[in-house]
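Going down the list, the sequences are from chains A and B. Numbering of the first sequence is given in my numbering, commencing with residue 1 and proceeding in unit increments. Numbering of the second sequence is given in my numbering, commencing with residue 1001 and proceeding in unit increments.
Because the hints were derived from the structure by calculation, they are not lab data. Since the structure is predicted, the reported quantities are computational estimates derived from the model, not experimental observations. Cβ atoms here follow ideal geometry from the backbone N, Cα and C, with glycine treated the same way. Errors might be hidden in some of the hints.
Below, computed lysine to aspartate or glutamate pairings styled on EDC-like, alpha-carbon distance capped at 16 Å [as the list claims (entries may be wrong)]: (1) A:K247 / B:D1188; (2) B:K1288 / B:D1313; (3) B:K1271 / B:E1062; (4) B:K1288 / B:E1316; (5) B:K1110 / B:D1125; (6) A:K247 / B:D1211.
If you only want the chain B side, here are some residues facing chain A, beta carbon under 10 Å, derived [as the list claims (entries may be wrong)]: (7) D1196; (8) A1200; (9) L1249.
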Amino acid sequence: MEILSALIVLTLIKATPIIYAALGGVISERSGVINIGLEGMMAAGAFTAAIVSYATNAPLLGVLAGIVAGGLAGLVLAIAATRFKVDQIVAGTGINLICAGGAAYGLVLVFNQPGASKQVNALGPNYWVLVVLAFALAIALQWLLSRTPWGLRVRACGENPRSVAAAGLDPLALRTFAVTLSGALAGLGGAFLSIGELNLYSDGMTAGRGFIALAAVIFGRWNPLGATAASVVFGLFEALQYVLQGKISWLPADAMQALPYIAALIALAGVTGRVRAPASDGVPY
Amino acid sequence: MYRRALAAFLACVVSACALSGCARHRGPARGQLTLGMVTDVGGLGDQSFNDSAYRGLVTARENLGAYVQVLQSRSAADYQPNLNALTNLHYGMIYAIGFLMGLDLDSVAKDHPSQRYAIIDAVVDDPNVTSITFREQDGSFLAGALAAMVSTSHHIGFLGGADIPLIEKFEAGYSAGAREIDPSIRVDVKYAGSFDDVAAGKELANLMFNDGADIIFTAAGKVGLGAIEAAKARDGDFIIGVDSNQDGLAPGKVLTSMVKKVDVAVFDVAKSLRGGHPISGHVVFGLKDGAIGLTDFAYTKQYVGSERRARLDTIERAIVSGKIVPPDSRAALAGFKPVSL
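Next up, chain A with everything else stripped away, as it sits in the complex (with noise of 0.2 Å):
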């Protein structure tokens, strides 16, 4: 009973980055923007989340500047997608890129260390109202997509932006917003990394989250009730590995490890059946 509940929290804590990241995903490529450079987005997140809260000693304000760290990454991707019409999977890559590589300068300028930050005032227990918020923000997203006016543009942005100018809207101005909602929502993923699960960014922190949040896209269908599911999968294995671990001891630890990215393989690869993305995915407009 006491392993259960350690798996329930685990799995929930685990789930929660890769939720943000996802819902990101999901809400970019229903626009039509393949958004690779969620690892990235995270990683700006964590680090500018960190950094904040270390300045102001305000979590709080931590998390927003994560937010907004993340969106102009987005940003930086939703105008090289639109205005430059940019190979998306480069930007992203050159982004993922950038994040990294930007967030091991700042330490050192910041911190005068390389490799980690110092240890920052953190949201504490509070962060579980970040556990909540992402599950709300699913029913919200869905509700959103589905539901209003704003969700049919985007949905036909992703599906057929000509229909869209035909409409009388700027297909390119509802893929900006909606790539750059995607870094904001991953920037909060990687917040949660940062100064919500810890108190402190460290290189490499985002160990493939972002990536692992895209196989949840395609495992959810690209509908965020979906994606947060096989995110929920996802932290659910990774959680299993952590508790199994040493308890089934012919299995060695190596196995245990890979069972997060064995799912994300039989989910991509059977699983989920036959998908359909959307038809506009990555093809600029």
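Given chain A, put chain B in place with the hints provided.
Same frame as chain A, now just chain B:
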């Protein structure tokens, strides 16, 4: 047109200078001892292994007037390019920090037989490579013995980075040391599968603490920072730090640190280079060189009284004299029997 082109050219030159910091940047002087270092993926700032090696270089800069350059590796794919980059600069000595770089260094060293290299924690059998290893199992044995003395739940934990032979030395030594004091003690072992996923360190440590372990020895680079974070929120539970002195990161919560003075080894090799008789081949640093050992309990004296310290000293002497041989693998641990002192 001409003026615009000139202006553009000047702007490029100025910004290139600004970016590369050419106003202040100086290369090594002629005849200056040059030392290069390639970190492993843990990188600088791990408050642990790579930082310790870097301190050795800083000491060399201060005491030997050496010119020092560090290249950080973001992934294993960076090892060879980084090693090659320093090789092309013909540094006096190039340090490869970490077990993980063994194979890469071997191939680079074979291609450049006249360049001197040193590797920490691995044995690379090339004539131009100095291999430096440590008897981590000896210091870990002391850490395990201390943990068993201080634990009130007869249940302790070990948190490793990746399950590789190097980390196994810490695990085996620690478990054996604990059994030396308390043969029936329970030692939980978990691996994070990473040296930089700090969050994983926190969650894994919390799991072990919740299971009843009250002391966890970490050998996991930055992952250990997360474990220390977990201990801060708890009462009566401790972390034993590793590689560098981590006692001050959470005063009173880090029982001690099993320091591995990579800096001492790095500096010794640099000094021998200056002296004209470079240390070569495979050298092993251990308790008796002062390169391995526990810190001085600056914040945790109330848990480690003089009696326990005396007991630790006895064990340390027994290890140095060979009366106790701490196991360096799980296989050797299975055959370990507590020695009566």
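With a cut-off of 10 Å on the beta carbons, see whether B:A1200 makes it to chain A. At about 7 Å, which falls below the 10 Å cut-off, the nearest Cβ of chain A leaves the hint on B:A1200 intact, so it holds.
Mind checking the alpha carbons of B:K1271 and B:E1062 for me, to see if they're no more than 16 Å apart? The hint holds at about 12 Å.
Starting from A:K247, check that the Cα of B:D1188 is at most 16 Å away, please. 9 Å, holds
Holds or violated: B:K1110 to B:D1125, with C-alpha atoms at most 16 Å apart: Given that 16 Å is the threshold and the Cα spacing comes to 10 Å, the pair holds.
Can B:L1249 be said to touch chain A, with a Cβ gap under 10 Å? 8 Å, holds
The hint names B:D1196 as touching chain A; please verify it with the least Cβ-Cβ distance against 10 Å. 4 Å, holds
Hey, B:K1288 versus B:D1313, does the alpha-carbon distance stay inside 16 Å? Between B:K1288 and B:D1313 the Cα gap is close to 12 Å, so the pair holds against 16 Å.
Given hint B:D1211 paired with A:K247 - CA-CA distance at most 16 Å: Holds - the C-alpha atoms of B:D1211 and A:K247 are around 12 Å apart, at most 16 Å.
Holds or violated: B:K1288 to B:E1316, with C-alpha atoms at most 16 Å apart: Holds, at about 9 Å.
The structure meets every hint from the earlier list without exception.
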